[in-house]
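S.K.: So the chains spell out like this:
There are 2 protein chains.
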Amino acid sequence: MGLTTAAASILPGGLELVFPSQARAQAQDPLPSWNDGAAKQFILSFVRATTDSSSAKFVPPEQRIATFDQDGTLWVEHPMYTQVVYCLERVPVVVKAKPELANVEPFQTVMSGNREAIAKLSMNDLLKILAATLTGMGVDDFEAEVKQWLSTARDPRWKRPYTDLTYLPMIELLKYMRTNGYKTYIVTGGGQDFVRVYAEQVYGIPPEQVVGTASGTSYGYDKNGRPFLTKEPKLLLNDNNAGKPEGIHLMIGRRPYAAFGNSTGDRQMLEYTKAGDGERLTMLVLHDDAKREYAYGPAQGLPDTTVGTFTQALYDEAKSKGWNVISMKNDWKQIFAWEK
Amino acid sequence: MGLTTAAASILPGGLELVFPSQARAQAQDPLPSWNDGAAKQFILSFVRATTDSSSAKFVPPEQRIATFDQDGTLWVEHPMYTQVVYCLERVPVVVKAKPELANVEPFQTVMSGNREAIAKLSMNDLLKILAATLTGMGVDDFEAEVKQWLSTARDPRWKRPYTDLTYLPMIELLKYMRTNGYKTYIVTGGGQDFVRVYAEQVYGIPPEQVVGTASGTSYGYDKNGRPFLTKEPKLLLNDNNAGKPEGIHLMIGRRPYAAFGNSTGDRQMLEYTKAGDGERLTMLVLHDDAKREYAYGPAQGLPDTTVGTFTQALYDEAKSKGWNVISMKNDWKQIFAWEK
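Sequence order for the protein chains is A and B.
Heads up: the first sequence begins at 25 in my numbering, then just goes up one per residue.
Heads up: the second sequence begins at 25 in my numbering, then just goes up one per residue.
By construction, these hints were calculated from the structure, which means they are not laboratory data.
Please note that the accuracy of each hint is not assured.
Each pair may be met inside one copy or between any two copies, as identical chains are not told apart.
[To be verified] Listed next, the in silico DSBU-like pairs over lysine-lysine satisfying Cα-Cα at most 30 Å (straight line):
| id | residue 1 | residue 2 |
| --- | --- | --- |
| 1 | 298 | 171 |
| 2 | 122 | 345 |
| 3 | 207 | 81 |
| 4 | 258 | 122 |
| 5 | 247 | 298 |
| 6 | 183 | 258 |
| 7 | 353 | 199 |
| 8 | 353 | 298 |
Work out the full structure: start from the sequences and follow the hints.
M.R.: Structure below.
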């Protein structure tokens, strides 16, 4: 039975091979980076049940909506959200354009490069930095700036582009859902315009399927009379906590059949999804693998964190309500595509 | 050459018939309700050029976005926007639930049934009626109420369901664009939640592809602890004029390649679309057919109106900028599907 896929491919065409060799079985597994276990089985069973037209749990194709949080669910969020790193690293450019900011806090602290002081900035300081680096420019200029930054920035631990830090098992899951007729959406607390820059290339998710924290824009004209949109510091949607189901209603207008998250900010999205009729899949990624990625909770005695907090209360609620917890340590065979 | 399609269908299978009979030519016309003329040719040429991979004007499938205004572009908007009729007709239900409103203006006037007085209500009065009839309820309740109303309400002229008053040539155009890989969106000044109720059934456009004037919702729980969203009187997007390109950026995140409208409220959407690189199709429907539908402008000496105003300035701008004007009278062979 040692027939390899390569050998099979040179057999006369049209023959349906009946020996399910190991190579063949692996090729057919849509989630090869997932260990066999409850999490993988929940996903496979859900997709089978909702796409089999003879099943009582069948979901018509146009209603197949699956929503995914991004930070900590699709890619690494520690030690700091990538978008916040972007904003901090953009400060020198902003200060160069507006030199009067150099002696104004919090810009002065960021420009000092003093990591300890930067880490202690208040939420209010951070909001000032976000406003200065994410608004005030044209939407096309912003897109070009983010694209440029992503092409050169490297994360502090693996020294790789941030877009390399996506989780392979989740990329497989996105593809598997789409292959089965699910429209995949990102529903992120991060900036909608920021994530849209790379979502199509990195996740196969087009801009119109990215729901995120969104500010208004204003329509105007450049000196040549060409119209353009400017990003304004006017918050329209804070896409976190209760803002996630609110954002889903605003941008999608249908309740998802599947939702994936990793922190308390995803609680209401999962609750809202699960409250729909019929079969629903709701899952939370638990970061319990300090060796291959990071470990934080504080659920299950994991270290406490302010970035992507997964409380014990959320863990207990998940267990009691049938939201499935994915253990990165136990459920994922491989975390990143570039690992051996 | 009198071979009919019916006769052809009983010929032995597999034969490619080479006589292009009239029946066959008609079957191949994707826009049979359009008269041959400049408007139809602009559409056919645009689609051919942007979908032919050997053309310099080719647009990759994922970038094919086409946006359509609704009122006056896809369905009848005279003598009054359908959604405003809905709001006025909902007032008795609202007053029954809150009897204290019966003696408060503008509800008292609406309850009087005095059409002349109702027609004279100010914009401010109208906004009070919209707020009372479009907000304060759960999103699922609202959807059920609109669905129920649409099933019984009849328009004053043709005595037909409002959803029968869609323009057949535009329905053909929507299908033709989709067949050629264009993702079709409604971008309407009307309420996003209102239009989403029937857009999939009537236009083949799913809820997530309806962009409209949108209010916020708030996430909460019913007495059984089940989560639901309540429609709040907090405007997030006024999807008219400059609000249309702003709404397109918020909800789609890409500039359309084709945009269709009929009034000054669509001006910026067309301008923004046309300002993109490469080939873009921008068209305005002119209501110049009092006999088969309505005639209003005031462009080209047509009667003036406050519902769907098409000014002479817009007409002149369209002519000077290469936005194509569709004459309902001359370009459309048939207006409604139910006409003979």
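S.K.: State for each hint whether it applies.
M.R.: Hints, verified against the model:
For the homomeric pair residue 298 and residue 171, the shortest alpha-carbon distance between copies (25 Å) is at most 30 Å, but the shortest distance inside one copy (36 Å) is not. Proximity of residue 122 to residue 345 under the C-alpha cut-off of 30 Å is found in neither arrangement, the shortest distances being 52 Å within a copy and 38 Å between copies. Taking the closest pair of Cα atoms, residue 207 and residue 81 come within 30 Å of each other both inside a single copy (18 Å) and across two copies (29 Å). With identical chains, the CA atoms of residue 258 and residue 122 are at most 30 Å apart within one copy only, with a shortest distance of 21 Å there and 35 Å across copies.
Taking CA atoms no more than 30 Å apart as the test, residue 247 paired with residue 298 passes between copies only; the shortest distance there is 17 Å, against 51 Å inside one copy. For a Cα distance limit of 30 Å, the shortest separation of residue 183 from residue 258 qualifies neither inside one copy, at 35 Å, nor across copies, at 45 Å. In this assembly of identical chains, residue 353 and residue 199 lie within 30 Å of each other by CA distance solely inside one copy; the values are 22 Å within and 48 Å between copies. Only within a single protomer do residue 353 and residue 298 lie at most 30 Å apart by alpha-carbon distance; the minimum there is 26 Å, versus 52 Å between protomers.
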